[in-house]
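A.B. asks: For the protein sequence lines, the chains are A and B, in the order given.
Under the numbering used here, the first residue of the first sequence carries the number 1, and numbering increases by one thereafter.
Under the numbering used here, the first residue of the second sequence carries the number 1, and numbering increases by one thereafter.
There's no promise every hint is true.
[Said to hold, decoys possible] A short, non-exhaustive set of chain A residues, derived as facing chain B with CB atoms under 8 Å:
#1 D13
#2 L15
#3 N16
#4 G17
#5 P82
#6 V297
#7 L304
#8 T324
#9 I349
#10 A354
#11 V375
#12 V378
#13 T399
#14 R468
[Stated by the list, open to error] Below, computed lysine to any residue pairings styled on SDA-like, alpha-carbon distance capped at 25 Å:
#15 A:K84 <-> B:G308
#16 A:K84 <-> B:E231
#17 B:K120 <-> B:V101
#18 A:K171 <-> B:A162
Quick caveat, the hints were computed from the structure, so don't treat them as lab data.
The structure presented is a predicted model; accordingly, all values stated were derived computationally and were not measured.
Built from N, CA and C at the ideal position, the CB exists for glycine as well.
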Amino acid sequence: MSVTADKRELRDDALNGLQLSTRLESLWRTPSGFLGALMSVDHKVVGRRYIVTAFVFLLLGGVLAILMRVQLAGPEQTFLSPDKYNQIFTMHGSTMMFLFAVPVMEAFAVYLVPLMVGTRNIAFPRLNAFSYWIFLFGGCFLWISFMLNVGPDVGWFAYVPLSSLQYTPTKRPDVWAQMITFTEVAALAVAVEIVVTVFKLRAPGMTLDRIPLFVWAMLVTAFLVMFAMPSIMVASTSLILDRLVNTRFYDSSSGGHPLLWQHLFWFFGHPEVYIIFIPGTGMVSAILATFARRPVVGYPVVILSLIATGFLSFGLWVHHMFVTGLPQLGAGLFTASSMLIAVPSGLQIFCWLATLWDGRPVYRTPLLFVIGFIVIFVLGGLSGVMVASVPIDTQVHDTYFVVAHFHYVLIGGAVFPLIGAVYYWFPKITGRMLSETLGRWNFWLAFVGFNVAFFPMHILGLIGMPRRVYTYTAEMDWAHLNLLSSGGAAIFAISFALLLANAILSLRSGALAGNNPWDASTLEWATTSPPAPQNFDRIPVVKHRDPLWADNESLPVVVGLSLERREVLLTTLAEADPQVREASPEPSIWPLLTAIATTVFFIGSIFTPWAVLWGTPPMAVALIGWFWPGGSKENEE
Amino acid sequence: MRTALVPSAMLPLAACAGRQSALDPQGLQSDEILRTFFIFLVIAAVVWVAVVIVLIIGMLRRKRAGDQPLGLHIPFERATGRVVLGLGLATLVIVLGLSIVSYAGQRTVFAKDEHALTLKVIGHQWWWEVRYEDDSPDRSFVTANEIRIPAGQPVKVELESADVIHSFWVPSLTGKMDLITGQKNELQFTARNAGVYRGQCAEFCGLQHAHMAFAVLALPPDEFGRWRDHENQNANIPTDQLGKQGEQLFRARGCALCHNIRGTLAGGQLGPDLTHVGSRTTIAAGTLPLTPATLGAWIADPQHIKPGNYMPKMPLQSGELIAILHYLEQLK
Numbered sequence: 001m002s003v004t005a006d007k008r009e010l011r012d013d014a015l016n017g018l019q020l021s022t023r024l025e026s027l028w029r030t031p032s033g034f035l036g037a038l039m040s041v042d043h044k045v046v047g048r049r050y051i052v053t054a055f056v057f058l059l060l061g062g063v064l065a066i067l068m069r070v071q072l073a074g075p076e077q078t079f080l081s082p083d084k085y086n087q088i089f090t091m092h093g094s095t096m097m098f099l100f101a102v103p104v105m106e107a108f109a110v111y112l113v114p115l116m117v118g119t120r121n122i123a124f125p126r127l128n129a130f131s132y133w134i135f136l137f138g139g140c141f142l143w144i145s146f147m148l149n150v151g152p153d154v155g156w157f158a159y160v161p162l163s164s165l166q167y168t169p170t171k172r173p174d175v176w177a178q179m180i181t182f183t184e185v186a187a188l189a190v191a192v193e194i195v196v197t198v199f200k201l202r203a204p205g206m207t208l209d210r211i212p213l214f215v216w217a218m219l220v221t222a223f224l225v226m227f228a229m230p231s232i233m234v235a236s237t238s239l240i241l242d243r244l245v246n247t248r249f250y251d252s253s254s255g256g257h258p259l260l261w262q263h264l265f266w267f268f269g270h271p272e273v274y275i276i277f278i279p280g281t282g283m284v285s286a287i288l289a290t291f292a293r294r295p296v297v298g299y300p301v302v303i304l305s306l307i308a309t310g311f312l313s314f315g316l317w318v319h320h321m322f323v324t325g326l327p328q329l330g331a332g333l334f335t336a337s338s339m340l341i342a343v344p345s346g347l348q349i350f351c352w353l354a355t356l357w358d359g360r361p362v363y364r365t366p367l368l369f370v371i372g373f374i375v376i377f378v379l380g381g382l383s384g385v386m387v388a389s390v391p392i393d394t395q396v397h398d399t400y401f402v403v404a405h406f407h408y409v410l411i412g413g414a415v416f417p418l419i420g421a422v423y424y425w426f427p428k429i430t431g432r433m434l435s436e437t438l439g440r441w442n443f444w445l446a447f448v449g450f451n452v453a454f455f456p457m458h459i460l461g462l463i464g465m466p467r468r469v470y471t472y473t474a475e476m477d478w479a480h481l482n483l484l485s486s487g488g489a490a491i492f493a494i495s496f497a498l499l500l501a502n503a504i505l506s507l508r509s510g511a512l513a514g515n516n517p518w519d520a521s522t523l524e525w526a527t528t529s530p531p532a533p534q535n536f537d538r539i540p541v542v543k544h545r546d547p548l549w550a551d552n553e554s555l556p557v558v559v560g561l562s563l564e565r566r567e568v569l570l571t572t573l574a575e576a577d578p579q580v581r582e583a584s585p586e587p588s589i590w591p592l593l594t595a596i597a598t599t600v601f602f603i604g605s606i607f608t609p610w611a612v613l614w615g616t617p618p619m620a621v622a623l624i625g626w627f628w629p630g631g632s633k634e635n636e637e
Numbered sequence: 001m002r003t004a005l006v007p008s009a010m011l012p013l014a015a016c017a018g019r020q021s022a023l024d025p026q027g028l029q030s031d032e033i034l035r036t037f038f039i040f041l042v043i044a045a046v047v048w049v050a051v052v053i054v055l056i057i058g059m060l061r062r063k064r065a066g067d068q069p070l071g072l073h074i075p076f077e078r079a080t081g082r083v084v085l086g087l088g089l090a091t092l093v094i095v096l097g098l099s100i101v102s103y104a105g106q107r108t109v110f111a112k113d114e115h116a117l118t119l120k121v122i123g124h125q126w127w128w129e130v131r132y133e134d135d136s137p138d139r140s141f142v143t144a145n146e147i148r149i150p151a152g153q154p155v156k157v158e159l160e161s162a163d164v165i166h167s168f169w170v171p172s173l174t175g176k177m178d179l180i181t182g183q184k185n186e187l188q189f190t191a192r193n194a195g196v197y198r199g200q201c202a203e204f205c206g207l208q209h210a211h212m213a214f215a216v217l218a219l220p221p222d223e224f225g226r227w228r229d230h231e232n233q234n235a236n237i238p239t240d241q242l243g244k245q246g247e248q249l250f251r252a253r254g255c256a257l258c259h260n261i262r263g264t265l266a267g268g269q270l271g272p273d274l275t276h277v278g279s280r281t282t283i284a285a286g287t288l289p290l291t292p293a294t295l296g297a298w299i300a301d302p303q304h305i306k307p308g309n310y311m312p313k314m315p316l317q318s319g320e321l322i323a324i325l326h327y328l329e330q331l332k
């Protein structure tokens with residue numbers, strides 16, 4: 001694919017300054033107009049859409065959480081019917097896990113990783129665009145189904161046999177299963193792009209030990225996605241086959257087994273927690289280094305911890321199944337392996353504490369959220385050690401103790417860093433600063449609201465309140481703590497309203513950010529805010545782990561990329577030595593059309609097996625269009 | 001005489017929450033679990049407080065002034081690195097220690113006693129079938145939503161499911177265990193003292209998961225023996241006119257299609273066995289205390305009390321309702 005040197009070809013060493021910028025911009029920009037927007041393959045455009053869409057789903061999932069907290073605020077309330085309640089908690093879990101947490105993390109990676117490794121676009125940009133459309137259509141499909149009263153109602157875990165045709169004869173579990181396949185296709189596509197981008201598109205000189213920690217975190221996450229997601233896709237596809245064409249994967253009366261579902265589900269489901277949490281740690285490392293005014297202590301320790309966490313996360317799914325009657329010795333071993341993951345997580349925490357200790361911290365909103373993260377996440381991690389113990393788990397499993405635990409881990413471990421990341425990278429993405437005053441209010445309301453909402457749930461679980469109950473009687477003595485929790489949830493919700501208000505106000509009239517408002521050290525801050533379509537006018541050369549701190553003068557650059565067609569520079573895997581110039585795809589409408597064809601095929605197959613016949617030709621046509629050999633520029637070679 | 005008295009004396013207890021708290025252990029197993037939990041809790045609390053203290057000191061430490069990034073001019077890092085690695089090692093030691101504590105607790109909780117009284121619990125959407133089985137068939141009987149056990153003696157519960165996955169959980173006696181189709185699980189526990197302990201399904205099992213509770217009544221052993229002898233007998237035959245009419249209506253109005261009453265022509269197998277329903281403490285799987293009022297309300301409109309459950313609302317005239325109610329109340 002490499003292009004042989006062509007003397008007449010215009011390269012980026014021929015122009016300078018504004019001329020160069022203008023030329024590159026017209027080469028890399030997204031075509032104008034509505035159709036042009038649909039064709040975009042710019043990772044920043046797709047990433048921005050991804051982030052905004054994921055936050056819309058956060059908002060929707062949050063509204064559902066509030067509805068549940070209203071219902072549970074007092075005993076024997078009739079605000080929601082049992083059927084509505086079951087749909088709502090299923091939709092809350094499914095939305096938060098599949099439509100918010102994983103996508104938003106990958107969305108940040110889609111936006112930031114190419115900038116942080118110093119390249120012009122993500123690897124496989126059309127696949128990237130396709131993955132966004134799939135995610136959008138899958139999410140809309142789920143939510144429209146919910147509005148039409150066919151939203152899933154068997155829990156985000158959809159245990160068989162409850163989700164089997166026999167016990168849930170409606171279309172609701174089918175909707176759920178197909179939505180899973182959709183979002184996981186999107187997640188897998190992004191994972192592949194991240195891995196290839198990090199391995200092959202890094203700026204020259206960015207050796208493995210100069211990769212920013214956020215990028216490392218996303219790399220590990222991408223591998224987790226690639227190994228964990230197929231498990232849930234196999235599970236949900238088997239489920240829908242059981243339901244639609246009468247296979248018997250999970251039917252114990254025909255040689256199947258309900259526990260097969262749980263094994264497949266949790267073999268995905270536990271790494272899933274780390275798929276959400278590890279990007280959070282990447283955000284923490286980025287924010288902490290910038291605001292502690294020094295690199296994170298123990299860079300290699302943090303990376304090894306990330307990798308160890310990734311490996312270990314596949315060896316402890318059974319702790320979700322301690323009460324299913326598995327052999328006792330085996331369960332005991334899974335206790336040990338589950339607790340072991342506290343070691344790499346602990347090491348990371350200690351590195352961050354040391355960074356703060358040895359740094360010269362500047363307390364801005366992003367750092368506040370990181371500090372909140374440490375306080376909350378450590379508590380959630382410790383209750384996780386409790387849950388990993390077989391005897392303790394037999395009491396707290398499927399109670400509000402576990403609800404408290406995983407909200408501490410997921411909100412503390414991922415959402416707090418994420419909100420910090422919003423404050424941190426908002427200036428880069430939009431060119432404007434978020435209000436610091438509103439940011440502080442946002443943090444304190446979130447911190448207090450979160451703890452008031454979720455801490456009491458530990459106690460509720462211990463005094464006997466099971467999960468997923470739509471009501472309880474006054475005699476159970478759960479009313480006061482539930483009311484407290486609902487009050488906390490309201491405060492927590494207000495903090496998100498504040499974030500939304502802050503974003504809207506700042507977009508209109510926030511202070512201009514400039515290239516590097518926080519005086520940070522990584523490459524995304526070396527370009528303009530928001531970055532130009534080509535990311536960098538010239539590809540930087542990296543000579544240090546913190547390039548913007550190491551060089552007071554401007555970064556050295558490589559030259560020689562074409563100005564006549566979109567090109568990225570491929571480098572070697574370990575040392576990031578320049579290898580070849582590679583064409584990067586032009587904007588195209590075909591990823592969107594392929595996504596539409598895929599959506600029609602999948603949704604159709606819920607209602608008629610014939611969709612497998614009439615659904616595939618449009619997909620084939622769309623894929624042929626997508627991969628049709630490109631324009632004349634490439635053929636000039 | 002006492003057989004009849006004890007349950008009625010316990011009724012207010014069962015009607016109120018009963019004990020359903022892992023923090024109020026009343027069994028040998030729940031004691032052990034709580035002990036394990038407290039060991040974990042103390043260590044967790046110490047670790048968390050230590051982290052927060054280090055965090056706060058780290059934040060407040062007097063720093064040399066300057067917004068200048070330290071950048072490349074990083075203070076000598078080796079000491080910090082050693083502390084970090086030392087803490088990592090300490091984490092490993094704590095984790096291994098806790099694993100051993102956990103396994104010791106696990107062995108105690110799941111220890112088996114061969115002389116345990118064995119009974120079988122089968123989960124249904126949304127009620128509990130309880131089978132007391134014996135080698136001689138005439139000592140075996142079936143009841144529902146209420147488990148009576150001898151206090152101070154080990155009990156083994158065999159767990160199965162008739163439909164979806166449920167979970168058997170009486171927190172004051174021991175931890176939970178799932179009931180799964182195609183699999184036989186078991187759980188052993190010993191109630192230290194006589195009393196009423198509330199249990200509830202812990203695995204989401206569909207629409208009325210919230211209303212799938214039950215009561216465990218631990219009785220003094222001799223009293224348990226008397227109850228078992230009594231429960232083993234067939235249902236009382238109504239002697240008065242209204243009761244006889246109720247029995248006929250029970251069959252004529254379709255109740256007998258689902259419910260079994262031993263010794264009568266009612267032989268349905270879909271719903272709970274009602275042979276001695278009048279002596280139970282709650283109705284509709286622990287949803288309400290059993291009183292003439294609640295029983296009447298339940299028969300009149302079960303969907304109002306527990307929307308979506310499988311007992312249909314039967315068109316009954318008020319006289320018919322009274323007769324059936326009268327009949328069921330006699331089934332002690």
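A.B. asks: Hint A:R468 vs chain B: min CB-CB distance below 8 Å?
C.D. replies: OK, holds: A:R468 within 8 Å of chain B, min 4 Å.
A.B. asks: Does the nearest C-beta of chain B fall within a distance shorter than 8 Å of the C-beta of A:V297?
C.D. replies: holds, 6 Å
A.B. asks: For a C-alpha distance cap of 25 Å, please report whether A:K84 and B:E231 respect it.
C.D. replies: violated, 40 Å
A.B. asks: Close enough to count: is the Cβ of A:I349 nearer than 8 Å to one in chain B?
C.D. replies: holds, 7 Å
A.B. asks: Does B:V101 sit within 25 Å of B:K120, going by the straight-line distance between their CA atoms?
C.D. replies: Roughly 31 Å between the alpha carbons, so the hint for B:K120 and B:V101 is violated.
A.B. asks: Is the hint on A:A354 kept, meaning its closest Cβ partner in chain B is under 8 Å away?
C.D. replies: Holds: closest Cβ of chain B sits about 5 Å from A:A354, inside 8 Å.
A.B. asks: Does A:T399 meet its interface restraint, that is, does its C-beta lie within less than 8 Å of any C-beta in chain B?
C.D. replies: At 7 Å from the nearest chain B Cβ, A:T399 passes the 8 Å test, so the hint holds.
A.B. asks: Holds or violated: the hint that A:L15 contacts chain B, with Cβ atoms closer than 8 Å.
C.D. replies: violated, 32 Å
A.B. asks: Classify the hint on A:N16 as holds or violated, based on whether any CB of chain B lies nearer than 8 Å to its CB.
C.D. replies: Because about 29 Å separates A:N16 from the closest Cβ in chain B, which is outside the 8 Å limit, the hint is violated.
A.B. asks: Quick check on the hint: A:V375 CB to chain B CB, less than 8 Å?
C.D. replies: Constraint on A:V375 satisfied, holds at 6 Å.
A.B. asks: Does the CB of A:L304 sit less than 8 Å away from some CB of chain B?
C.D. replies: This interface hint is violated because 10 Å lies over the 8 Å limit.
A.B. asks: Double-check A:D13 for me: the hint is only fine if its C-beta lies closer than 8 Å to a C-beta in chain B.
C.D. replies: violated, 30 Å
The structure fails hints 1, 2, 3, 4, 7, 16 and 17 (numbered hints given earlier, in ascending order).
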